[in-house]
Amino acid sequence: MILSHKPLKGALFGSAFPPGDELEDLAKVMGSNMALFYQSYEVILSAPSLRMIWPDGVLGSNIDRFRSFMEESVAPAEKMHLKEFWALLKEERTLSSDLFLLRSGFLFDTSILGIIFLGFPWGRFLVILPGEDPARVREQSARLTEVSAKALRSSLDRWVEDMEAEFVVTKLLEQFPEEFLSSSGFSRRMGLPLPESRMQVYELYYTHRNKRWQRDVIEGEVVEGVTSSGLTWKRPGGSAGTTTAGSPVLRERGIRIGNEVHIRFSVFVGGVYPLGEIPVPISALAGGGLVRMNRFIREVSSALVSHSQSLTSSHFRFSRFWTESGFSMAGIEEIAKIVDPGNWRNLILLPFWETGPQSLAEVKASCRVSDPFFYDPAKNMGALLLRDCSEWHARNVVVRHFRQRVSAHVESPMTVGRFLSGQ
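If you read the sequence shown in this note's numbering, its first letter stands for residue 750, the second for the next number, and so on.
What the hints contain is simulated information worked out from the structure, not anything from laboratory work.
Among the hints, erroneous ones may be present.
Computed list of lysine-lysine pairs in DSS-like fashion (alpha-carbon distance at most 27 Å, straight line) [stated by the list, open to error]: (1) Lys777 with Lys755; (2) Lys839 with Lys899; (3) Lys1086 with Lys1113; (4) Lys960 with Lys758; (5) Lys777 with Lys899; (6) Lys1128 with Lys1086; (7) Lys960 with Lys755; (8) Lys758 with Lys839; (9) Lys920 with Lys1113; (10) Lys839 with Lys828; (11) Lys839 with Lys755; (12) Lys899 with Lys1086; (13) Lys920 with Lys960; (14) Lys899 with Lys755; (15) Lys920 with Lys1086; (16) Lys920 with Lys758; (17) Lys920 with Lys755; (18) Lys1113 with Lys1128.
Distance ranges between label pairs, derived from CB positions [unchecked claim]: (19) Gln924 with Asp770: 33 to 39 Å; (20) Arg892 with Gly1171: 49 to 55 Å; (21) Pro825 with Gly868: 25 to 31 Å; (22) Val778 with Lys828: 26 to 32 Å; (23) Gln1058 with Ser853: 44 to 50 Å.
Note that this is a predicted model, so its numbers are computed, not measured.
Beta carbons are placed, not taken as given, at the ideal position from N, Cα and C, and that holds for glycine.
Could you put together the complete structure from these sequences and hints?
As structure tokens, this is what we get:
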């Protein structure tokens, strides 16, 4: 099936992995008249055949235009019925569907339109079922069973999340240090599920060539025994193999390319979501290059989470807790579940109390970029969520590290579960 799609506004690239098989299966039983409305309900994916029914059903159109089309097309007796349908749609249901009688002769060989909207945190997916027989259109609509809708939802969620990842990557590329443009770039991984709990991994490389950013997609390995949580990141020295969720581990490491060793710097969104890596040759890190790259990695982590606050998929929902000073303390549980879904209660928090105007900045400057930073200005307190860190290591190494470097009062570490139960 032919699909038209476009990047999110402000993104250099769209997803390299448009939804395919699930939409093909849907089209076989319900036809190909479909469109995806993102956020403010702009069309970013549609089937060209949709225009035969809805002439404005093209990329860049919006749900208001579809509403105007429906109000113009339905029979006068259906106006109130349609108004009630729009009211139900505002309730953000996961599934809304209905049938509408059209004005005589409005569409050729079509007197009824079945309308199905699937609701998502990021927008809506529309399917239109044209027909003459109400019973047959209802039968078609009923074919979107819970099982088939689940597979479709998973496919669309994954595509939108990858579109949003490209939006965030664009911000990173826009701020990329000029001194590293010719020697480095950015890479990230994307995993697509296969049968039997396997995943096909793809490597995406972004390089600055011919005065512009270009993207290359390379098919990588097939990973066995993958859970729905997908690819994850783990710090060097952490346990090898899998996380508690059973996901394949991405390790920060040095690699040899040709005759030169490159150091991979992990890029995080607010210390929570590992976006990808910047491989830099050692030769480019001499003469202060290492300090400048580390500074960029830290600064861009905050810039990316702030940039992500406009996104609405579950992938980036954690960014709504972000403030200029760090994450709100109200986001500790949700963010801990992202960092380690299977063992989040046992993750270690390091609380601290602000003691002066510089103490907050000192903690930020001394923490690892992969450790989310939380702050409550009303209480002048905050906490670091320590990724891949045991309570013993936190007590005997991390606490000592901070107490030697910051003027803030550093408390004893505790688990997330213990902290939340004491609130």
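Hints, one by one, checked against the model:
1. Lys777 with Lys755: 24 Å, holds
2. Lys839 with Lys899: 22 Å, holds
3. Lys1086 with Lys1113: The given pair, whose Cα atoms are some 22 Å apart, holds under the 27 Å limit.
4. Lys960 with Lys758: Roughly 21 Å separates the two Cα atoms, so the pair holds.
5. Lys777 with Lys899: Roughly 17 Å between the alpha carbons, so the hint for Lys777 and Lys899 holds.
6. Lys1128 with Lys1086: Roughly 24 Å separates the two Cα atoms, so the pair holds.
7. Lys960 with Lys755: With a Cα-Cα distance of about 23 Å, the restraint between Lys960 and Lys755 holds, given a limit of 27 Å.
8. Lys758 with Lys839: Roughly 24 Å separates the two Cα atoms, so the pair holds.
9. Lys920 with Lys1113: Roughly 22 Å separates the two Cα atoms, so the pair holds.
10. Lys839 with Lys828: The given pair, whose Cα atoms are some 17 Å apart, holds under the 27 Å limit.
11. Lys839 with Lys755: 26 Å, holds
12. Lys899 with Lys1086: 23 Å, holds
13. Lys920 with Lys960: Holds. Lys920 to Lys960 sits at ~17 Å (cutoff 27 Å).
14. Lys899 with Lys755: Answer holds: Lys899 to Lys755 is near 24 Å, not above 27 Å.
15. Lys920 with Lys1086: Holds, at roughly 26 Å.
16. Lys920 with Lys758: 12 Å, holds
17. Lys920 with Lys755: 18 Å, holds
18. Lys1113 with Lys1128: Holds, at about 17 Å.
19. Gln924 with Asp770: 33 to 39 Å: 36 Å, holds
20. Arg892 with Gly1171: 49 to 55 Å: Between Arg892 and Gly1171, where Cβ atoms are some 51 Å apart, the hint holds.
21. Pro825 with Gly868: 25 to 31 Å: This hint holds: roughly 29 Å between Cβ atoms.
22. Val778 with Lys828: 26 to 32 Å: Because 30 Å falls inside the window, the suggested range holds.
23. Gln1058 with Ser853: 44 to 50 Å: 49 Å, holds
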